[in-house]
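Asks: For this one, chain A is given, so just place chain B on it according to the hints.
One letter stands for each residue in the lines below.
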Amino acid sequence: MNRNNQNPNNQSPHVNGDSNDNSEPLPFGSFEDQLEPTKASQTDDRSLVAFLRQHQPVAPLESSNFEGNLMAAIAQEPIPTSNLKKAKRLPQIIGAIAAGLVGAGLGHTLGVWTNPSGMGAQFAASGSESELEAFLEDSWDGAIAQTSSTDPSGTSDTSDFSTLFWDTNGI
Amino acid sequence: MPHSKGVPSDKSEPDMALEMADDLTLIDQCLAGNRSAFAGLYRRYGQRVRSTLYQLCGETGLDDLVQDVFLRAWRGLPKFRRSASFSTWLYRIAWNVAMDRRKKFARDRQRELTVSDPLDATLPDPSQGASGQWSTLHYQDVVRQALGFLSDGARSVIVLCDLEDIPQKDVAQILNVPVGTVKSRLFSARAALRQELERQGVEL
Numbered sequence: 001m002n003r004n005n006q007n008p009n010n011q012s013p014h015v016n017g018d019s020n021d022n023s024e025p026l027p028f029g030s031f032e033d034q035l036e037p038t039k040a041s042q043t044d045d046r047s048l049v050a051f052l053r054q055h056q057p058v059a060p061l062e063s064s065n066f067e068g069n070l071m072a073a074i075a076q077e078p079i080p081t082s083n084l085k086k087a088k089r090l091p092q093i094i095g096a097i098a099a100g101l102v103g104a105g106l107g108h109t110l111g112v113w114t115n116p117s118g119m120g121a122q123f124a125a126s127g128s129e130s131e132l133e134a135f136l137e138d139s140w141d142g143a144i145a146q147t148s149s150t151d152p153s154g155t156s157d158t159s160d161f162s163t164l165f166w167d168t169n170g171i
Numbered sequence: 001m002p003h004s005k006g007v008p009s010d011k012s013e014p015d016m017a018l019e020m021a022d023d024l025t026l027i028d029q030c031l032a033g034n035r036s037a038f039a040g041l042y043r044r045y046g047q048r049v050r051s052t053l054y055q056l057c058g059e060t061g062l063d064d065l066v067q068d069v070f071l072r073a074w075r076g077l078p079k080f081r082r083s084a085s086f087s088t089w090l091y092r093i094a095w096n097v098a099m100d101r102r103k104k105f106a107r108d109r110q111r112e113l114t115v116s117d118p119l120d121a122t123l124p125d126p127s128q129g130a131s132g133q134w135s136t137l138h139y140q141d142v143v144r145q146a147l148g149f150l151s152d153g154a155r156s157v158i159v160l161c162d163l164e165d166i167p168q169k170d171v172a173q174i175l176n177v178p179v180g181t182v183k184s185r186l187f188s189a190r191a192a193l194r195q196e197l198e199r200q201g202v203e204l
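Protein chains in written order, with our numbering: chain A, 1 to 171; chain B, 1 to 204.
The shape of chain A in the complex, shown without the other chains (with noise of 0.2 Å):
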């Protein structure tokens, strides 16, 4: 409740720290210095906190065993830990799967290159340019003449690389 608008003629202090009245703006900190209380109310302010302080209601003693029994239900407790650790571990784990998948890609890549089965351990053995050449003409017009054969539509698809690379790692 704002005391201070329902009553326009209120000369208190409290009316023009009012930020709704069009007086000129008053320096920072002006409204909380006019909550300060006078010297009249800061008697009658002590006066009160120390009859609160002096008969304030005293709370009864715990329970026999408090504080073992609350230790008791800490016990059962699991240890707390940081939801912000876990967070700030996920990136980490990501970066570990992406890495493993990255890995993963370039060991099959590699194997594929390097499996003395395959064209790779070919192309490593002769190292010669031309023979690999020769290895990748004679490897694309076997798979063209296969699929031409084997299509009784007879409309191959041959822009598909990817097939027959995978296909012929036999991994």
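Simulated from the structure, these hints should not be mistaken for laboratory data.
Source: prediction; values computed, not measured.
The C-beta atom is built at its ideal place from N, Cα and C for all residues, glycine as well.
There is no bait here: all hints are sound.
Partial list, computed: chain B residues near chain A (C-beta under 10 Å):
hint : residue
1    : A32
2    : V66
3    : K79
4    : H138
5    : L147
6    : D162
7    : D165
8    : F187
Replies: Chain B in isolation, oriented as in the chain A frame:
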């Protein structure tokens, strides 16, 4: 509580270590799996939390409330931001627990106030020269009833600022409001409390 030099202590070394360690050290030990370190935190703040909860919620189920606060604190230790003090954070949990309880038993509170009314007639009148223990008990009951007369927000700032003597900036953090709001609430709460106390015959 620290003991004087030269007085033999019946406390074990682990207990002494718990007392000597600061809050952050104990928290680190808790997070490392040392549950006994949490006992050090309880011994340090348990009574203050208990007192605050009592002022806010009364005696019914007080042990359960205190246990709830410390269980929540244990579970929430990883979320504790070390920019604030542990006591402020713990008071915040206590205040949340207290407000949960008060909301849950709002109807019961209304019934308790109604039931407690006949008690007023049995209390001695301080204006008739009551003194000693009776007077103290009477005034404690008057304060208790006057606190119960306040709204939750007003009662909270009175309990935290005036009874527990917590700095206003810390109370602002506990209640998650600006310091200016704490000041204004305290101003209004004190006025209402003073009026209620005077209505019950207390001269301040």
